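As a plain string of letters, each chain reads:
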Amino acid sequence: MKKVHSGKVRDLYELDGGDLLLVATDRVSVYDVALPTDVPDKGKLLTSLSAWWFERMADVVPNHVISVDDVPEEFAGRAMRCRPLRMLPVECIARGYLTGLGLREYQRDGAVSGVTLPEGLVDADRLPEPIFTPTTKLQTESGHDEFITFDDVVEAVGSSDIAEQLRELTLDIYRRGAARALEQGVIIADTKLEFGLDANGTLTLADEVLTSDSSRFWRLDEWQPGRPGGQRSYDKQYVRDWSVSTGWDKTYPGPAMPDDVVAATRARYVEVYERITGLTWSN
Amino acid sequence: MSNSDDNTYDPVHLTHEVFRLLLDKGLPVTRDGDFDAAVDGASAILRWLGLEPEIPAQVAGYRRLDYNGQLGYNRRIHGD
Chain F
1 MKKVHSGKVR
11 DLYELDGGDL
21 LLVATDRVSV
31 YDVALPTDVP
41 DKGKLLTSLS
51 AWWFERMADV
61 VPNHVISVDD
71 VPEEFAGRAM
81 RCRPLRMLPV
91 ECIARGYLTG
101 LGLREYQRDG
111 AVSGVTLPEG
121 LVDADRLPEP
131 IFTPTTKLQT
141 ESGHDEFITF
151 DDVVEAVGSS
161 DIAEQLRELT
171 LDIYRRGAAR
181 ALEQGVIIAD
191 TKLEFGLDAN
201 GTLTLADEVL
211 TSDSSRFWRL
221 DEWQPGRPGG
231 QRSYDKQYVR
241 DWSVSTGWDK
251 TYPGPAMPDD
261 VVAATRARYV
271 EVYERITGLT
281 WSN
Chain H
1 MSNSDDNTYD
11 PVHLTHEVFR
21 LLLDKGLPVT
31 RDGDFDAAVD
41 GASAILRWLG
51 LEPEIPAQVA
61 GYRRLDYNGQ
71 LGYNRRIHGD
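Going line by line, the protein sequences match chains F and H. Per full-length UniProt numbering, the first sequence runs over residues 1 to 283. Per full-length UniProt numbering, the second sequence runs over residues 1 to 80.
Source of the hints: derived by calculation from the structure; they are not laboratory data. Treat the hints loosely; a few may be bogus.
Distance condition first, Cα-Cα at most 25 angstroms in a straight line; then the derived SDA-like pairs of lysine to any residue [claimed, not checked]:
1) F/LYS3 / H/HIS78
2) F/LYS2 / H/LYS25
3) F/LYS250 / F/TYR31
4) F/LYS2 / H/HIS13
5) F/LYS3 / H/ARG47
Since we're looking at a predicted model, the values are computed, not measured.
All chains, please: the whole structure from these sequences, using the hints.
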């Protein structure tokens, strides 16, 4: 087993035999800085939530998961053994609510990724229908990530059929996931999905699905379109607020979290997991 | 991995080989530092040696996934 990539909160290993291992750590990043204090079980909670969604979406599209049990003991519970895919160079984003860069693009153009939207929308408004707003990690000449159009997706993946499938699958998964979460009092404002092609050329869902690292989660009972300062993140707002209260300048290294902040943050990750899945976290 | 036909070599593989080499020499090496910086360094060494650093395509595709958590997602997708 060898590490082939290390992120702030997740790592990637290549296993003997060629399978890949996606490992979620307990690290928390705030304002893009990984804090020095772990949140116990965060990696297990996000891995369990992602695995739960993969199972629920298995009738929609094949996925890259081989097993969450057949993993090295040291990573038990926090890792997924996956099939390597030829990853497509597009981040497939579905939005059910208007915020962030999408809001800015809307305010400038009245449209997001070429999709025209009704007039008069404000930050965090629910959209009439979810929209597909793909992007790429390749930076533009201006140095910023920008949304790309559907035609750009066709060019990036080299096939209009695959591009069309990406759009339909992304919106289908988002609609299903958002509906389930909403029943449980959680708004999934938007989400990012990644796909690849397996050895047979079959479009396959990869990475993680509908976790708080790849989506925006808001509490339904706190949702307030147009709220000054924006919506509050369901699970990370507590640690964000605390980190700002310390006077931290949001640069490396971040402050160490006291025990009560760790406990409160962990409790929110558990709450999100239990609300969405309807299961009790017993780890 | 290495490919003698087109003079390429996997810089990730090279970092692991260097780790094992130094370990065998009894040096107190760890892998606690910046892994991606190490891979960048290995790539530079390969280029200096006239080889082209190349990570296997299937792994390279996964390396471009977002491994940085919610704030990285927010920054890239939402610009905040």
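Here is what the structure says about each hint:
1. F/LYS3 / H/HIS78: 29 angstroms, violated
2. F/LYS2 / H/LYS25: It holds: about 20 angstroms lies between the C-alpha atoms, which stays within 25 angstroms.
3. F/LYS250 / F/TYR31: Within the cut-off at roughly 6 angstroms; holds.
4. F/LYS2 / H/HIS13: It holds: about 8 angstroms lies between the C-alpha atoms, which stays within 25 angstroms.
5. F/LYS3 / H/ARG47: 22 angstroms, holds
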